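S.K.: Spelled out, the chains give:
2 protein chains.
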Amino acid sequence: MTPFNMQAWSQAHLHTIEQALQHWVTPHAPAGLGDAMRYAVLDGGKRLRPLLVMASMEACTDQPAAWTLDAALRAACAMELIHAYSLVHDDMPCMDNDVLRRGKPTVHVQFGQAQALLAGDALQTLAFELLTPEDSDIPARVQARLCGLLSRAAGHAGMAGGQAIDLASVGQRLSADELRQMHRHKTGALLEASVVMGAVAAQASHATVQHLLRYGRALGVAFQVVDDILDVTADVADLGKTVGKDAANDKPTYVSLMGLEGARAEASRLAQEAQNALRDSGLSPAPALEAVADWVLQRQN
Amino acid sequence: MTPFNMQAWSQAHLHTIEQALQHWVTPHAPAGLGDAMRYAVLDGGKRLRPLLVMASMEACTDQPAAWTLDAALRAACAMELIHAYSLVHDDMPCMDNDVLRRGKPTVHVQFGQAQALLAGDALQTLAFELLTPEDSDIPARVQARLCGLLSRAAGHAGMAGGQAIDLASVGQRLSADELRQMHRHKTGALLEASVVMGAVAAQASHATVQHLLRYGRALGVAFQVVDDILDVTADVADLGKTVGKDAANDKPTYVSLMGLEGARAEASRLAQEAQNALRDSGLSPAPALEAVADWVLQRQN
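Those protein sequences? They're chains A and B, same order as listed. If you want my numbering, it's the 1-based position in the first sequence plus 1041. If you want my numbering, it's the 1-based position in the second sequence plus 1041.
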């Protein structure tokens, strides 16, 4: 058997995902809205969430039906649109007031605040549009389930709720549990849902989904811990966004709570937990999901 | 046959809708987010869109199944959440900068801009959550169709696109066609979708949906024409929001384009067109839909 080549795997999938986003994030939205939406989404980002959707789908089925591939690609792109919208709104002056993202001026700097607000709103809506194509072979039960999963991950009990906790936590001392709770909402919910949506596109069993949830949960926290580490160790050229921002804003982080070494140990422990969940799932081999866990731990940006 | 009593009809439905919104817009969203979401939605608003959903559902079926009633109520509330989110974001300083809405301070005045931004975002997400209940008797094909309709009405090709056109139109001279085009996106898309979603919950035929679309389209434009009339004729106590705002912002309106009398004649013509569409639909009687068209024309706020 040919050994798994993560670089080739992710390049092939990234190509497909970029093409799909180019196609689906329409330039025809009126009055410059399409330009702002495309600016926010295209040519940038690690596409971690879409890659997770695809890796999870592939782990759950050897021979995906054509509609499964379509559903997974739509779920992958929908997830990226939700992520992109949250960044656009998060960067706005009334939130984090960031001027740099992925090495480019943020959307509100480029297009003005009103257009940025609208573009974020329309990107969220477009995510649900992608999941409910007209005249499609994707079974309605899969479409409805994907919408349900995405809305629960993105909304008040997931990402948006985490943003609210984040907002309220500035200048507060949080315990490790509280910090984990915040990030489980803020970034974890989307990462977990990415894994689950890929599995649902592949019609995985309930038991399999539970193991993948455990993987996604550990990965989600690991991702955030590494984010906090990079916020103090990376330089702006690597990260493509403002560094040292959390400390400057007096936001609690894993590094401020555990120190740099403690945070590194926590990230390793969580990556191992993600690998254990995969092993326990009986999905074997799931090389792309394993490789994503490694990458999250080792990433430099 | 007892004559139709619009007041009794709308009071009964408003009671059900308010209770459902009270239940579904959770106070448990973290860190004050739930408070801001509830403030934006509860105890206010004409609930025109939810009432349209219910009226349309009833026009399409005499004896709705339990799941049809559930689907229509969810669609009604989802529609109101989309409407509410758009108002929250529209009122923000970077958009219309309004401080008064439904006689109360706007959400950003009450809770701050960051929380208003998040509350709007989370209200949009919650709309799709409502349409995809877990463990429900609503067929998946209806859930998926409702999500598809709502996303297409709310997004770049509908409401959000209309907002972008509105933004770009400040200080511009628009033709009557361009103005109608803007409003067909901005307010018309949601009103049309309200009617269609009610029909879909009732499993109406394609032909019926087409007639209802024509009704919804005429009603949507009529609603906006009346809005423009009220912006210059109503006083703040009736309207519950700042008056004369459009003229002050140099925004094109039907009144600035056609004069007050011209706009009144246009509103009457459109209300008649809505009634004609109902007559042509063969849905007879559809007293609540007829009454809504009358009300739109005669409303004072």
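Simulated from the structure, these hints should not be mistaken for lab results. Bear in mind the structure is a predicted one, so any value in this text is a computation, not a measurement. One should not assume that every hint holds.
Stretch-level coverage of chain A by chain B, calculated; a stretch enters the list once three of its residues show a Cβ under 8 Å from a Cβ in chain B [to be verified]: (1) 1130 to 1142; (2) 1178 to 1184; (3) 1189 to 1198.
The beta-carbon is built from N, C-alpha and C at its ideal position, and this holds for glycine as well.
S.K.: Each hint needs a verdict: does it hold in this structure or not?
M.R.: Okay, the hints, checked on the actual structure:
1. Counting residues of the region 1130 to 1142 of chain A whose CB falls under 8 Å from any CB of chain B gives 4; the rule of at least 3 is met.
2. Here's how the region 1178 to 1184 of chain A fares: 4 of its residues keep a CB closer than 8 Å to some CB of chain B, so the rule of at least three is met and the hint holds.
3. Under the rule that three or more residues need a Cβ within less than 8 Å of chain B, the assignment of the region 1189 to 1198 of chain A holds, with 8 such residues.
Of the numbered hints given earlier, the model fails none.
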